[in-house]
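Protein chains: 2
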Amino acid sequence: MPELRKDPIVGRWVIISTERARRPSDFATEPVRATGGDCPFCSGNEAKTPPEILAGRPPGSGPNQPGWSYRVVSNMFPALRIEGELDPSGEGLFDRMNGVGAHEVVIEAPDHRATLATLSTDALADVLLAFRERLLDLRKDPRFEYALVFKNHGEAAGASLEHPHSQLIATPIIPVMVAEELAGSARYYAMKERCVWCDIVRQERREGRRRIVEANGFVALAPFAPRFPFETWILPVAHGAAYEDSGVDQLRGLAGLLGDFLRRMNRVLGDPPFNFMLHTAPLRETQLDSFHWHLEIIPKLTRVAGFEWGSGFFINSVPPEDAAEALRADAG
Amino acid sequence: MPELRKDPIVGRWVIISTERARRPSDFATEPVRATGGDCPFCSGNEAKTPPEILAGRPPGSGPNQPGWSYRVVSNMFPALRIEGELDPSGEGLFDRMNGVGAHEVVIEAPDHRATLATLSTDALADVLLAFRERLLDLRKDPRFEYALVFKNHGEAAGASLEHPHSQLIATPIIPVMVAEELAGSARYYAMKERCVWCDIVRQERREGRRRIVEANGFVALAPFAPRFPFETWILPVAHGAAYEDSGVDQLRGLAGLLGDFLRRMNRVLGDPPFNFMLHTAPLRETQLDSFHWHLEIIPKLTRVAGFEWGSGFFINSVPPEDAAEALRADAG
Chain A
1168 MPELRKDPIV GRWVIISTER ARRPSDFATE PVRATGGDCP FCSGNEAKTP
1218 PEILAGRPPG SGPNQPGWSY RVVSNMFPAL RIEGELDPSG EGLFDRMNGV
1268 GAHEVVIEAP DHRATLATLS TDALADVLLA FRERLLDLRK DPRFEYALVF
1318 KNHGEAAGAS LEHPHSQLIA TPIIPVMVAE ELAGSARYYA MKERCVWCDI
1368 VRQERREGRR RIVEANGFVA LAPFAPRFPF ETWILPVAHG AAYEDSGVDQ
1418 LRGLAGLLGD FLRRMNRVLG DPPFNFMLHT APLRETQLDS FHWHLEIIPK
1468 LTRVAGFEWG SGFFINSVPP EDAAEALRAD AG
Chain B
1168 MPELRKDPIV GRWVIISTER ARRPSDFATE PVRATGGDCP FCSGNEAKTP
1218 PEILAGRPPG SGPNQPGWSY RVVSNMFPAL RIEGELDPSG EGLFDRMNGV
1268 GAHEVVIEAP DHRATLATLS TDALADVLLA FRERLLDLRK DPRFEYALVF
1318 KNHGEAAGAS LEHPHSQLIA TPIIPVMVAE ELAGSARYYA MKERCVWCDI
1368 VRQERREGRR RIVEANGFVA LAPFAPRFPF ETWILPVAHG AAYEDSGVDQ
1418 LRGLAGLLGD FLRRMNRVLG DPPFNFMLHT APLRETQLDS FHWHLEIIPK
1468 LTRVAGFEWG SGFFINSVPP EDAAEALRAD AG
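From first to last, the protein sequence lines are chains A and B. Residue numbers for the first sequence follow my numbering, so the first one is 1168 and each next one is one higher. Residue numbers for the second sequence follow my numbering, so the first one is 1168 and each next one is one higher.
Since the hints were derived computationally from the structure, they do not count as laboratory data. Be aware that one or more of the hints could be misleading.
The following residues of chain B were derived to be distant from chain A, with all beta-carbon distances above 12 Å [claimed, not checked]: (1) A1323; (2) E1329; (3) E1348; (4) E1374.
To give a feel for the contact side, a few chain B residues facing chain A, derived at Cβ under 7 Å [claimed, not checked]: (5) M1168; (6) R1172; (7) I1183; (8) S1184; (9) C1206; (10) C1209; (11) S1210; (12) K1318; (13) N1319; (14) G1321; (15) P1342; (16) G1351; (17) Q1370; (18) R1372; (19) A1392; (20) F1480.
If you want the footprint, here are the derived chain B segments under chain A, 3+ residues with CB under 8 Å [as the list claims (entries may be wrong)]: (21) 1299–1309; (22) 1420–1426; (23) 1440–1453.
C-beta atoms are modelled at their ideal positions from N, C-alpha and C, and glycine is treated no differently.
So that you can see chain A by itself, here it is in the shape it has in the complex (with noise of 0.2 Å):
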């Protein structure tokens, strides 16, 4: 069983996840990527997943066969169970549960070489409606707080499997970068009676140096304050707290927006590996006025090192404003 286990200083929970153990000598070498032809995700190879939870299929297709346009699954290695009660307990002073959660994979598409930036606008609206769909259904399951959807394109970003297709995982707790936004986003919103995002929002769009792209109710921009170069963030002008009480004709439109943003990335960087990660309210907080749902996208282009670690303070060479003009610019 994973377990959760908290630092007693700084109070960051971390995931000891025991399904997924190696010795130290298997550190010795990178892990391989499957090739085409073995690749579980691959139309044909459905047998080689857990079973399918959702999947995009025409009238008549029946689960786990060829057919669908995409598939959500367990994570056949999940870094949280999805069986069990926590069992908050101690050992002297530091503190431990069992590490229960959801850790599922949505594949993007049934061919091998797809991406998101490839996919048509209609079949990345139907992946962004399955984000949706499991978020709503995961908050039905009292045990968890929060869902994360995320994903790791490209070895270098942390990608085990090349075949297009991203994450959720459910936690018990919410996490600590996502406490961090809420919290400051309450502060904001206790001294101004606004939502902070929709303020970045209405000043970005106005100023328009870190504004990438707007469309269909949705703005891509470099952030202010970047951790990483070209970090970009796409939010809806509109405030709304979840993710996943979005209407079908919103993601939709997301659909139209996020792909443009990633082919002109993928022009402007020469198809970089990237992370996603969205931030949507907490399962049991969905209606907060003081947080404003957002997807950040980071380009993974710089190695993370030991300054960043020691201090949480990031070095980035591209100033935004710079990193906004040179994708604003790219029309394809």
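Following the hints, complete the assembly by docking chain B onto the known chain A.
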């Protein structure tokens, strides 16, 4: 001039380092490492670095000439600039200040092929004493609140030059990761009137499963909730807030333990790339009863991916008890 910018939501400061600015096309390929012949840190190439601030030299050896055992110089491409005032200002709802600070390089040995693990204990002690000298000197500059000593060893850990070196960055702000340790330590002290680090050292020495090795008044242990496989902390057993207030004999003792630990790590993990970060007290708060200086060492074995960047939650596949056992058992 580099700029410090603050994220208006979570309050995280970043350094926008225009000195190191690169154009988008520069990211397509990885930076190239200097090889032996051209290395600016090699003996004989002293003119390729800024003038030395401090060096280990035999009597009669003049500055910026061969003959040194270690050298401290300003970073040729500093993330922060030593000249100027902070000039904090706003831009709408955003906050910025000038990127004033110090960025120094400690060239640890004249030999390009040396590493901290192969240096003699005396030579390693001289490097640790050089850190102390620089910290004591930077304390005198009232613009600086903190100085972080860190090391990037190996390309995957962020080193851009192969020659053995560590770095020091002094900042006008206490970095968030140190601030979190200070706040957590102060909360614990307020509750118990004891240093949390002293309590951890006591519990781990008694319990033993996460203790790796102990000598000369220092202990190396695998923390209870490590972010990374084989993450290790080295702490003085006796309370002390500021590294730079350590005595010469104490740091000579640390050199013995640190060299032993690095050689164990290299044998068990096959000479991995690694980072270390020295967490000492802030420059203006060196007498804290609640804070305990320590060295954090992180072998670079895995990739940080979307889940970690989006949540702040780390997934670690090696329980610290297993890591400690592997490192403890290896006697060389």
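| task | Say whether it holds or is violated: E1348/B keeps its Cβ farther than 12 Å from all Cβ of chain A. | result | Violated, since 6 Å does not exceed 12 Å.
| Does R1172/B pass the interface hint, meaning its C-beta sits closer than 7 Å to a C-beta of chain A? | Holds - the Cβ of R1172/B comes within 7 Å of chain A, reaching about 4 Å at its closest.
| Cβ contact check, 8 Å cutoff: the region 1440–1453 of chain B against chain A, three residues minimum | holds (count 5)
| said: Can you verify the interface hint for A1392/B: is its Cβ closer than 7 Å to any Cβ in chain A? | reply: Hint on A1392/B: holds, closest Cβ of chain A at ~4 Å, below 7 Å.
| query | Under a C-beta cut-off of less than 8 Å, do 3 or more residues of the region 1420–1426 of chain B approach chain A closely enough to confirm the stated coverage? | reply | violated (count 0)
| Would you say E1374/B is clear of chain A, with no C-beta pair closer than or equal to 12 Å? | violated (7 Å)
| Satisfaction of the G1321/B interface hint, Cβ to chain A closer than 7 Å | violated (10 Å)
| said: How does the region 1299–1309 of chain B fare against chain A when you require at least three residues with a CB closer than 8 Å, holds or violated? | reply: Per the Cβ count (0), the hint is violated.
| task | Classify the hint on I1183/B as holds or violated, based on whether any CB of chain A lies nearer than 7 Å to its CB. | result | holds (5 Å)
| message | Less than 7 Å between beta-carbons is the criterion; does S1210/B satisfy it with respect to chain A? | response | violated (25 Å)
| field | Interface hint compliance - P1342/B to chain A, C-beta minimum distance less than 7 Å | value | holds (3 Å)
| query | Holds or violated: is there a CB of chain A closer than 7 Å to the CB of G1351/B? | reply | For G1351/B, the interface hint holds, since the closest Cβ of chain A sits about 4 Å away, which is under 7 Å.
Hint violations for this structure: numbers 1, 3, 4, 5, 9, 10, 11, 14, 18, 21 and 22, all remaining hints satisfied.
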